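Sequence order for the protein chains is Y and D. To convert a position in the first sequence, counted from 1, into the numbering used here, add 414. To convert a position in the second sequence, counted from 1, into the numbering used here, add 414.
For the record, the hints were derived by calculation from the structure and aren't laboratory data. Everything numeric in this text was worked out from a predicted model, so none of it was measured. Incorrect hints may have been included.
[As the list claims (entries may be wrong)] Computed list of lysine to aspartate or glutamate pairs in EDC-like fashion (alpha-carbon distance at most 20 angstroms, straight line):
| id | chain 1 | residue 1 | chain 2 | residue 2 |
| --- | --- | --- | --- | --- |
| 1 | Y | LYS803 | D | GLU418 |
| 2 | Y | LYS501 | D | ASP795 |
| 3 | Y | LYS803 | Y | ASP557 |
| 4 | D | LYS625 | D | GLU648 |
| 5 | D | LYS803 | Y | GLU418 |
| 6 | Y | LYS501 | D | ASP432 |
| 7 | D | LYS501 | Y | ASP619 |
| 8 | D | LYS501 | Y | GLU793 |
Protein chains: 2
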Amino acid sequence: MRIEAIDLFYVALPEVTDAADGTQDSFLVRVRTDDGLEGWGESDASPLVSLAAYVCPMSHGNIINLSDSLLGEKVETPEDIRRLHFKAHRRAMDIEQVDHAQSAVDIALWDLVGRRLGKPVYALLGYERTYPKLPYCSVLFGDDPQSTRRIAEAIRNKGYRAAKFGWGPMGQDEETDIALVRAAREGLGPGSRLMVDAGVAWHLDAETAYKRACQFAPFEVTWLEEPLFAGAVEQYARLKELGSPVAIAGGEGCNTYRAAEDFIRHGRPDFVQIDVGRIGGITTTDEVCRLARREGVIFVNHTFKSHLQLAASLHVLGGVEEFQFLEYPDTPSPLARDLTTRRILRDEDGLVRAPEGPGLGIEVNMDTVRTYLRPVRIEIDGRTVFASKPL
Amino acid sequence: MRIEAIDLFYVALPEVTDAADGTQDSFLVRVRTDDGLEGWGESDASPLVSLAAYVCPMSHGNIINLSDSLLGEKVETPEDIRRLHFKAHRRAMDIEQVDHAQSAVDIALWDLVGRRLGKPVYALLGYERTYPKLPYCSVLFGDDPQSTRRIAEAIRNKGYRAAKFGWGPMGQDEETDIALVRAAREGLGPGSRLMVDAGVAWHLDAETAYKRACQFAPFEVTWLEEPLFAGAVEQYARLKELGSPVAIAGGEGCNTYRAAEDFIRHGRPDFVQIDVGRIGGITTTDEVCRLARREGVIFVNHTFKSHLQLAASLHVLGGVEEFQFLEYPDTPSPLARDLTTRRILRDEDGLVRAPEGPGLGIEVNMDTVRTYLRPVRIEIDGRTVFASKPL
């Protein structure tokens, strides 16, 4: 079977704010083959910039758009997906956006090949079974300690055993930072896990990050996430050297396999958090997951999109028993919540498993795509290089 | 003075081929301030994808387009440029394309502030003077050894004392690879420097790269460039470990400061080649140049665009006496050749100097922009988010 169509969808809420909420829009790709099958994928990236990487005119042999490299190609097996991943990436190697953009089509191809072979994606990746994961309810800090405490109480009432608070006012000042973490812990109660996501608050400043780690430690924090910029690998190493009393997590800013390898080897985090919608899809995420295992670093998904993307992450890390944690966004926008016809829910033990396929094992709700679609038209020299088709 | 307009230009030849010739199109940015000044910059990147990073709708607080972050801002001093570089980059940190895209506006801002202060950019970077550089005539290999020899002879006849041959058939097979380098050396004659650019021919294969380095060594090759992928940092280290008899160069694929730092520290090249039009402009290139100096690695520009970009590179490395080499594209397209009203030429000693300003010290030829302009229109939800203005 050959790739017959690569359909691109920009979806967004009517109003988008500057909150650190990644569920306000999305970039979706549907791949269709000539035997009537289809697969879906989602990037965690700017929809317009990613879309441009599928339709931009050629600049030379290293800037060839993703659609041109993939249309008409045979795709029947996991080896085909890996071959096409390499081909499309190589021919677009001077498009910086390529990894963010390619993530969606790569996920879609795994979904599609899984459907063709009647197998879940984790099986295509070589795993015989999956293991249940502990979901941590991933939310933003409230605007102040009081509202953060209320959010934490609500999470406890929903029965979560772990929660991550991030961004919001974190990084404003020492007193507020500590009050926010204290409030989160008080709201959750003593039994459950608390993760803190600092949202790159201290930029390149390992010393302040270390100080906060010491100040947060009494609240039994499982990890301190992204205290520093993604590129601050030397500073992450410095934080490790200082002997942070709290485990350090990061990695969502790794846009390439090498960035993840560099961060793991030289930044020396305890947890590496990879976004399947940024680093190039399931193909690359699977490689980083295996690297993390070899290097003794705990792999965690970064997910702040729909359950289409949560499923993609689950298929990658589901088969590895020792990787126990799962980022699980709890307060998605209606767009992200309704993008799939069903959601991946906790079982009676409060754990989450990869869907059993075929493919990703989850279906896109076309009504939702239709509701939130933002039609795009791009013309160059008066010629239309892309126009959203009516649904 | 405040930024009043950021004008975006996609220019291209009527016909673009898949040859590794980066002068077939370009992305230009003109910045205008409310006191009537302007500055120009150029990215070495996909024009459409880069343009999208200036006009894409906000996705959240980490995906805000470059124009929104810069318009209306005060820009009077180098400190303003650095502050704005940080601000725009921070607010676009989840747009992977940001570095490629931002390069053009960053270069334009240095040009503009130099014009305002009546100083060349190198002076704004803290250098009192510049030193002449040895330009290596940068061309593609011919389609076979015979044509490569003729190209080399022509370069010798033009009086160049150094030349770099790259891409083309390199990497096809052992015999051809060696024949190409032999032909280049024979054509140049014994006296002058020869650099070989393998165009990532051996991907991740350090052993083959080592073997070729040994085979090329008898032809007195100054460096072997990009034998491996940009992300193959571990493999570059392996090549070093194997003891390549030829110096190793690379770095044009470094899209971020960290990628360059990682490559310098862990890939251990002898020469690091940074493209001011990819890594974020003069601000970031200057930082890498200083890092290379501290780390004892020789900094070289990567330039395969117009002399606007050559000027930007020259202002960065011009002030450092020990960095002697300058990539100097010799066979640009008419677009790249005529993009500036004058070209930066070799002096009677065959050397090249940074223009003496103010700003970049070079003027854009608006007739050329007009001739090659590809008007772009982008509509979302029926609303125009970008439309090229008539010139």
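Item to complete: Please work out if LYS501 (chain Y) and ASP432 (chain D) have their alpha carbons no farther apart than 20 angstroms.
Response: holds (15 angstroms)
Restraint check for LYS501 (chain Y) with ASP795 (chain D), where alpha carbons must lie at most 20 angstroms apart: violated (33 angstroms)
Quiz item: Is the straight-line distance between the alpha-carbon of LYS501 (chain D) and that of GLU793 (chain Y) 20 angstroms or less?
Solution: violated (31 angstroms)
Exercise for review: Mind checking the alpha carbons of LYS803 (chain Y) and GLU418 (chain D) for me, to see if they're no more than 20 angstroms apart?
Suggested key: Violated, because 36 angstroms separates the two Cα atoms, which is more than 20 angstroms.
inquiry  = So if I understand the rule, the pair passes when the alpha-carbon distance is 20 angstroms or less; does LYS803 (chain D) with GLU418 (chain Y) pass?
reply    = The given pair, whose Cα atoms are some 36 angstroms apart, is violated under the 20 angstroms limit.
Please verify whether LYS501 (chain D) and ASP619 (chain Y) have alpha carbons no more than 20 angstroms apart. Measuring from Cα to Cα gives roughly 17 angstroms; hence the hint holds.
message = Given the hinted pair LYS625 (chain D) and GLU648 (chain D), is their Cα-Cα distance within 20 angstroms?
response = Holds, at roughly 17 angstroms.
- Message: Given the hinted pair LYS803 (chain Y) and ASP557 (chain Y), is their Cα-Cα distance within 20 angstroms?
- Response: Measuring from Cα to Cα gives roughly 40 angstroms; hence the hint is violated.
Violated hints, listed in ascending order, are 1, 2, 3, 5, 8; each of the other numbered hints is respected by the structure.
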